[in-house]
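Required output: the full structure, derived from the provided sequences and hints.
For the record, the sequence lines run as chains A and B.
For the first sequence, the positions run 50 to 258 when my numbering is used.
For the second sequence, the positions run 1285 to 1531 when my numbering is used.
Everything labelled a hint here was simulated from the structure, so no lab data went into it.
Bear in mind that the values here come from a model prediction, so they are computed numbers and not experimental data.
Please note that the accuracy of each hint is not assured.
What the hints assert, rightly or not - Computed from the model, here is a short list of chain B residues facing chain A with C-beta under 8 Å: (1) G1296; (2) S1298; (3) A1299; (4) D1300; (5) M1303; (6) R1386; (7) A1389; (8) A1455; (9) F1494; (10) R1505; (11) S1517; (12) Q1518; (13) N1520.
Glycine residues also receive a C-beta, built at the ideal position from the N, C-alpha and C atoms.
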Amino acid sequence: MAITGLIFVGFILAHMYGNLMIFAGEEAFDEYAEHLRELLTPMLPYGGALWILRIVLLASLVGHAYAAFALWSRAGKARKSRYAVSGVAKSLFVSKAMRWGGVALLLFLVFHILHFTTNTIQINGDFDSPAARLVSSFEVWWAVGIYTLAVLALGMHLLHGVWGAGMTLGLNTSIAAAERLRIAAVLIAVVTVVGFLLPPFAILFGIIP
Amino acid sequence: MKLTLKIWRQGGPSADGEMVTYPIEGVSEDMSFLEMLDVLNEELIAKGEEPVAFDSDCREGICGMCGLVINGQAHGPEVTTTCQLHMRSFSDGDEISIEPWRAEAFPVLKDLCVDRTSFDRIIQAGGYISANTGAAPDAAATLVPKDDADRAFMGAECIGCGACVAACPNASGMLFMGAKVTHLGELPQGQPERYARVVSMVDQHDAEGFGGCTNLGECSRACPKGIPLNVISQMNRDLQRAKLGKH
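If you want it as structure tokens, here you go:
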């Protein structure tokens, strides 16, 4: 769970960097998208590197979800009779939202791929250029709304997820290490949320034409 | 004080249980929680009813025998054991629910008593050191750095009460196990069996039917000895090293 999660963290940061290319102009963004497909050619066929990445990500997703559901079902078997009075909730909301938050993110992922990757869901017109697709979609307020909710859910998932990954990998072995881990989790979550929300809001408010 | 108690009554391991309401009067705020239950039991016996079964031993907060889920919290509202919880933590007229630890690895024996021998089996699997017995060794024969000694002692403070399991939404016993792994792993005497220990203990923990850890920290917050969550991370690190053969 920790290792597949950290693969996603790496992917998400790279994805965010790619999104921010829109601030360099539509041409730069399209060029970046094209370069992703040309990555490592001619050693790999056109789009080969991208497909390798997709396979790694899909395998990570299967591993991550399998581990999550295994833990979930193990928890159910470990306590079959529930408490009559449930405890005073002390854990952070973000920590308790990992399971249903993860399922929500999975549903968003399906929507996101249908929207931007396969172009099955078209919002505000059909364009061949990835940049034009991005800009036209985020001129629609409810599209920005959906993506904002998803990015906030992702930030919440990261807040607990990065912390939990550090715990599982044995990085928290002192009070100081726990602090470093918490700071890393908050930093990654904040950078992700801000980095992903900048392009859609810049488009919505007309900063990017 | 006048209180309304809602207590889990269960005739035996396979009997169905239910919450039963008992009003109680004349409770002093200086009574410990268990003394308050003693008073209730005397009243029940006087009326010819079955007293409420609950575990206790030292009543000094050091043996780990007592343990009740009070108003949904393991050991109640204070960070202490149930025996060291006093009635001044409650108010006149309160309704207090009292339940046993709930986990499949801690089956209910009767009322509020649970069987925690699964913890004993985890200790038997690896929570020990092998040493020649005989005359006590010279005190300075094995030097231990102060920081290591402090961390070992922090782990050794675990009294094995099981509040961590009771409070964990996954019913995991990892804080208990992590405390023992850290306690012995920080000391020179614990080194020879360090990596075999963690593998055996984790295997036994999983075989007993405890849940897995999702790093929520409810265990540490419920722990009457304040054992920090980082002992679980220590255990994970030792387990990885054991599995990867890096030792």
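Find the hints from earlier in the document that the structure breaks and name them by number, from lowest to highest.
-> 1, 2, 3 and 4
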